[in-house]
Structures are given as structure tokens and as C-alpha cells.
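Taken in sequence, the protein lines are chains D and R. The first sequence begins at 80 in the numbering used here and counts up one residue at a time. The second sequence begins at 80 in the numbering used here and counts up one residue at a time.
Among the hints, a few may not be true.
When chains are identical, the list treats them as one kind, so a pair holds in a single copy or across two.
What the hints assert, rightly or not - Listed below are the simulated DMTMM-like cross-link pairs for lysine to aspartate or glutamate, each with C-alpha atoms no more than 20 Å apart in a straight line:
#: 1; residue 1: K181; residue 2: E358
#: 2; residue 1: K417; residue 2: D276
#: 3; residue 1: K181; residue 2: D239
#: 4; residue 1: K274; residue 2: E160
#: 5; residue 1: K215; residue 2: D172
Think of the hints as simulated: they come from the structure by calculation, not from any bench.
Protein chains: 2
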Amino acid sequence: MKGLASMSSAEASRPRIVVIGGGFGGIELVRGLRGAAVDITVIDSRNHHLFQPLLYQIATASLTPSDIAWPIRFLFRDRPEVSVLMATATGIDTQRRLVMLKDLDPVPYDMLVIATGARHSYFGHDDWERFAPALKTLEDATTIRRRILTAFERAEAEHDPVRQQALLTFAIVGGGPTGVEIAGAIAELARDTLKRDFRHIDTLETRIVLVEAGPRLLPAFVEAQSEFAKAALERLGVEVALGVAVTLCDADGIVMGEERIHAATVIWAAGVQASPAAEWLGAAHDRAGRIEVLPDLSVPGHPEIFAIGDTVAIAAPNGKPVPGIAPAAKQAGRHAAKAIRARLAGEPVSPFRYRHDGSLATIGKRRAVIDFGWIRLSGALAWWIWGIAHVFFLIGVRHRIAVALSWLWVYLRNQRGSRLITQTEPGEAGEPPPG
Amino acid sequence: MKGLASMSSAEASRPRIVVIGGGFGGIELVRGLRGAAVDITVIDSRNHHLFQPLLYQIATASLTPSDIAWPIRFLFRDRPEVSVLMATATGIDTQRRLVMLKDLDPVPYDMLVIATGARHSYFGHDDWERFAPALKTLEDATTIRRRILTAFERAEAEHDPVRQQALLTFAIVGGGPTGVEIAGAIAELARDTLKRDFRHIDTLETRIVLVEAGPRLLPAFVEAQSEFAKAALERLGVEVALGVAVTLCDADGIVMGEERIHAATVIWAAGVQASPAAEWLGAAHDRAGRIEVLPDLSVPGHPEIFAIGDTVAIAAPNGKPVPGIAPAAKQAGRHAAKAIRARLAGEPVSPFRYRHDGSLATIGKRRAVIDFGWIRLSGALAWWIWGIAHVFFLIGVRHRIAVALSWLWVYLRNQRGSRLITQTEPGEAGEPPPG
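With these hints in hand, go ahead and build the complete structure from the sequences.
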């Protein structure tokens, strides 16, 4: 058995491509380099690639983590030139061309791709996170699932009606696709899935408040579709508050504008903050921390470094910013693969041209909005297209069957397969001890 | 909405049956009381019933938690007389007939069933638990899964060959069914599932040591089957050490007899300790803490209290102790339901007679041993019977399809669907941060 260092020196004749991040951008980049005479190392602090667009379905008990996650090294098991390293990147030494790692030796590169993504942002109120978890990782999703399900359990045992109502109140901050999807899913969880399971509470009395600071939901869609989403949510019993900012999150819930909402469960689906990669590089970045890359996706002053996905700020051909969605990251990954091939061949690198294929968002299990540009759909047909598209984009037959099976049960029987309260946080009140 | 207290007083005319524990015994008891004119409250610190016989398959990445767990209240959604309370019992006030709960008001009972099960025992070495986790809850299973998968990840990044070999060494303490099943599953994980996924280690060099203090594996089976299991494990590359006690578990592995095994991953599959229910009652108990119940399963001096399952010591008609297995707990649950009906009708209560239907244990994905008394099977046919029996005993069509699908993939493609490293323990060395 040999270590990483001996490998790298023994095969130093092939250019070493290092990719930080195994999300949509990083995975697509490695796919795009198939057959190239390079050695590739993928570094990720997780062992798995995650299909983030369906993460909210784990948080709301429809899907289970293994439905939408794949070991990164499993995806490249047939590519002997690809190594995967589970490690946390802590910096980049651009002089010596090294990626610095936590607890491990630095990894040398000839060309580097930064695909480190984004985290949620609390707009300077990081202390809100413990009251209002956001949704980015599998652990985030199981944390939110635990809080939602535990709230119903505690309400069932609660004698005080005021406290009971607070336990049955859910506040979701942010009216983009994630907020809309979570609000719709919690509404259906309460109305359909749980309605026969409790004896001392009526889950139909669940209150769900979706707060959006902007003037409408789903700002990436046209106004009529924002209206459709709002009406569809309201039909599910969700209260939609528009044009009002959340000024406080605490143990009692939120304050929106002047109004206090007593909610035991608050979910954060607002702001996004890029990874610290711009700081590692000392590169110019926007307010959200996104690296301002050149048109070919390389980092200014570093033709050997490309950056892609949510950690990058770049304009689309129409002048608007490229959105932080999976298809954009995948396109950038494909472009960076081509750019690396061109650079290695000494050929000129073409600029990245983002092509917007469409926007999709779902509201509960029967309604969605889709804007493909050439056609817009709102309603049941859009929901079917949304569902089929998402099953299609999962990797592998087994995952597609598993997700389709879970959805079938939700659709036909209202039964959600993953109503598990697990992994209690220490000190979280009213939850059982882990032992 | 009304609280628990008002419910209980409003319907005090019906006898209040309280069940502590939603395992096999508790669930079967509630099923056995269908149609009886009683009010039932099931108390469990978890929200889910767990199919423990397959828990090792979560620990070894074949199944996912939602495959083998069901919300307890979902199981009784069609039984309006059954309430489920997620709460941790802390004691029993037999004078006032109250179950004491953590953070919640006591729950009154007319008749009580204790089905609180067992935990693993470290034979007085509780400090070994952090080095050698055992397998009883979903969290235990995901903890062990994380440690197994992380060991391979860390070995891939390790330069020092001695340290690398320790990372690729797995010690399993205890040669009962759980130890045998885990050892076989880790062997197949290393040999088949992972073999193409790493570049700097050869997973075929994985060392798996199964240590049993007694003279043979699977003491519940006949000697020939113990021999079969040992040979089958050895064919998978497992080292089986018999008649040697583990005298130390620490961060470096274990000491068995005089020999130090350097193992980064140690799994505890030895001793069992009953729940503290005997202490709550001040009842006579054996060394493992199991309540010594009367032949009808009632607690001596308390005809209104029954105790069932792994927290009970009782002899079978053949004089041997009733084993701590799922079928025994289910039979006891059914008996306790009949006993409660008889007690309420003023009729005499018959003694519990355990009927041993058989013992099953599996070694990897093609071998099992079965002893039904009238027939004994060892090998591939036994494995198929084991698999079909376990799918049959799962609750609900969806779970059966999901488990069968997962097993199909393991069987045909050697691919395990749940190779996820999640829920990092704070301070666990070499793992990624949760954020």
C-alpha cells in the first residue's frame, strides 16, 4: 500500500487536476475530463454527493438520506485516474500550488478547480441559526425533520393551550423555491399524513407562516406564477406574509415587522453566502463572497485555477447573474473541463455562456410552476413534469426506483416513509436522551 | 384541543392500560388488545418501533433507517383508543399507580405493562463504550456505519503503513448472531462493495477479527452449525478467536488474552443488561437486571403489573431461560394481552408457555444457519429462508419492497445503498466538521 505522496511523485508526468467540492459542478467537471491524460483528485469534507434540490423532502419525511446521496468515490469507481479524498480544505497556497487540508498533508496541483458551493446566510445574525436551522446538508435535513416531528409529539403531550398552539406553529423565512416547497410539504404533512395519528391535538389546526421580505414569492418566475404559488399555498392553509422582514429569531419564534409569531419551529430559507474560497485566493468577490471570475471561469491572475458553481459570480449572456441552481453548476463544470483540456493543449479557452433551461418549483404534491422560457406551466401537469424530471436527474436505477416508490406512497396513501426522530441534539428541550 | 389529563378523567370509566416500550413485546400487546373496552397509552422515548434483527444491516450500509422503523403512532392510527406518548419513563409509583416521566406529568394506570427491553452491557467497563459502540438503536447503527466507512476513508489518506493497517483492522467482540452478522457484512463490504473504490489502499487487505470468550460461535445453535458459521466466516477472510476474553478496549483497539489488536474500529456485540424497570419496582431480578416475574408474567405482589420481553427473566417449559429474541417478546406480548383480558373479566390467568420456533443467523449474503428443532439447515438455502422470513416480518408493503430492492442490489451488484457518513460526533478525530 502506498500513500498519496508517493502516488503523486510517481505519476508526476501527468498533469495533476485537483477539484475541491463534490457537488453538481465538481462531479460534472470530473465527468467532462473522462479520457483526458490527467490525474484527478476530488476533495470533499463529505463522503457523498448530494442531490440538493430534493433535500427538503428529507426534512419533511418523504425521502430518506440514502435516496438522494451517493458516495463520491462510488461515482468514479471505474475511473482509475480519479482519487477521492475525504478531507476539509482550509486554504490554497497559490505560490506553491498546494491545497491545504485539515489534519492532512497538503495536496499539490497543476490545475485547480474550486467548486466549494455556498452555505446559508443569516445576514449578520449568526446567532439565529440555532433557532432557525437552514437546509444545505443531510444533517440540516434530519435536524429540521426532527424538529418538525418533535413539535407535533410535544404538542400531543402539552396541557397548556397557548404553548400547544406555539408547538403547532411553523414559521418559514424566505419565499424562494426552498421556502415554498417546505411550507407546502409541512402543510400536507399536517393535513394528510398525520391527521389520524394523534389523539389530543387536531393537526388540521397547524399554523404555517411563510415570510418573504420581497414583494412576491418565487422572484425567479413571472408574476402570474408567483400569484399561482401563493394561492396554491393558501389553499393548503399556509399564511403567506409578503413585503415584511424578519427582525428577530429566538426560542419563542420570530418577529416579522411589528408582529411576534410564537412558533416552536422556525426554518430558514433566506440568504446565501458563498464558501470562503475567495478569501483563500485573495480574489475579488461580491457581497455574498462569490469570486468574480473571468469570462472563461478562471480566477483573475491565475489561469491555472477555475472556479464554478455557487461560489462564483458571473453574468449570463442576457446580463443577469447566473443563478445558483444545479443546472448552472453542471454547465460550468462541463465548461471548466473543456477549458482544462484546451489549456493543456495550448489552445485558447472560450468564454462560459450560461444557457437557462428553465425554473421549476413545486407546491405540495399536486401543484408546481415551470418556466422553460418558451412555455410556462402552472398546476398539476407542471407537477408531473417536475417529478419526472427530478427522478430522471437522479443517478442510477436503484435511486430512481426508490424515490419513485416513496413518492407513490405519498401520492396514493399520504404516507411518508421517513417519519423518524433521530440524532437528538444535546440540550434540546423536551426530546428523549440519545441512550 | 384538550390535554392528556382531561382525556383521562373524562373517560375514566374504561380501564387505563399503560404500556412502557414500543418494541416487539409492547406492539404485540397493543395488537392483542384490539376490541377490548380499554384505553391504552403507549409510552416510548423514541417515536419509532424498530425491527432490531436487521439493525446490523444499517451499520453495514445495506439498509437505511427508514427501511426498518415505523412511527409507533402510525401503527395504531386506526385505533382511537390507543394514545402514543413520546416520553422517557423515569420510574413507577406503584402506590398511586403512576408512571413517572421526564419533563412531563405522571401518567396514571389501572394496569401496567413493562416492555422496556435491554441495553448492551460492558460488564462493568462502561468506559469501553466510547471505543467500542454497541448496536441497539438507530443512532448506534449510524454511529457504527460512520466509524466503519470513515476508517476506510482515513486509511486511503494515511501515509504511515502501521497506522494504515490499524485503520483497516476491525475487531468485533462477541460471537452471537449480531457479532457473526456484523463480521460477515464488513468482510463483504471490504471484499466486494468497496474493492474498486479506493486508489491507495487495497480493501482486500482488510483485517476482521471476531472475538468470542466462549468455546464456540452461536451458542444457541448445535455445534455443527457453530462450526459451519466459523468456516463460512473464515472463507470470507474473518479471523475467529474463540475461548479468549477481551480485557481492554481503548483508542488503539483491544487486548484479547495477552494479544494487542491494533484496530481503529471496535464493535461491541457481547453482554446484555436489562432496563432499570426492576429497580423502579423494587422487584427481584437476576444479575442482568431482569425482573423475575411470576409464571403468568405478572410482577410478584402486583397482579396489575405485567412485564414482558428482554427486561424479564422467565423459564421456558423445557427449563431453559426464554431467550431475548423478537419472537419471544411477541409471544409474551400476546400472552399479556390475554392475561389483561382475563384479569378484567375476573377470570383466572394462565401461565405463559414459551414455544421456541427456531433460531436463525446469517453469515454474509449467501450463507445462514437455521435450527427449527425439527429441521436444521446450513448454507445457501438457509440464507434464502432467512431473507424471506425477515422480509415477511417487516410491517407494510412499502417496507417489504424497499428492503427487497436494497437486498437485490447487494445480491446482484454488491452495491450497498446507504454508504453515508453522517452526524459527526464532536471531537471524533479525523472526521469532517458538521458545518
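Hint by hint, here is what the structure shows:
Taking the shortest Cα distances, K181 and E358 sit within 20 Å of each other inside one copy (17 Å), while across copies they are farther apart (48 Å). In this assembly of identical chains, the alpha carbons of K417 and D276 never lie at most 20 Å apart, being 54 Å within a copy and 26 Å across copies at closest. Taking CA atoms no more than 20 Å apart as the test, K181 paired with D239 passes between copies only; the shortest distance there is 17 Å, against 49 Å inside one copy. In this homomeric assembly, K274 and E160 come within 20 Å of each other (Cα to Cα) only across copies, at 15 Å, whereas the closest approach inside a single copy is 53 Å.
Within a single copy, K215 and D172 get their C-alpha atoms no closer than 28 Å, and across copies no closer than 46 Å, so neither meets the 20 Å cut-off.
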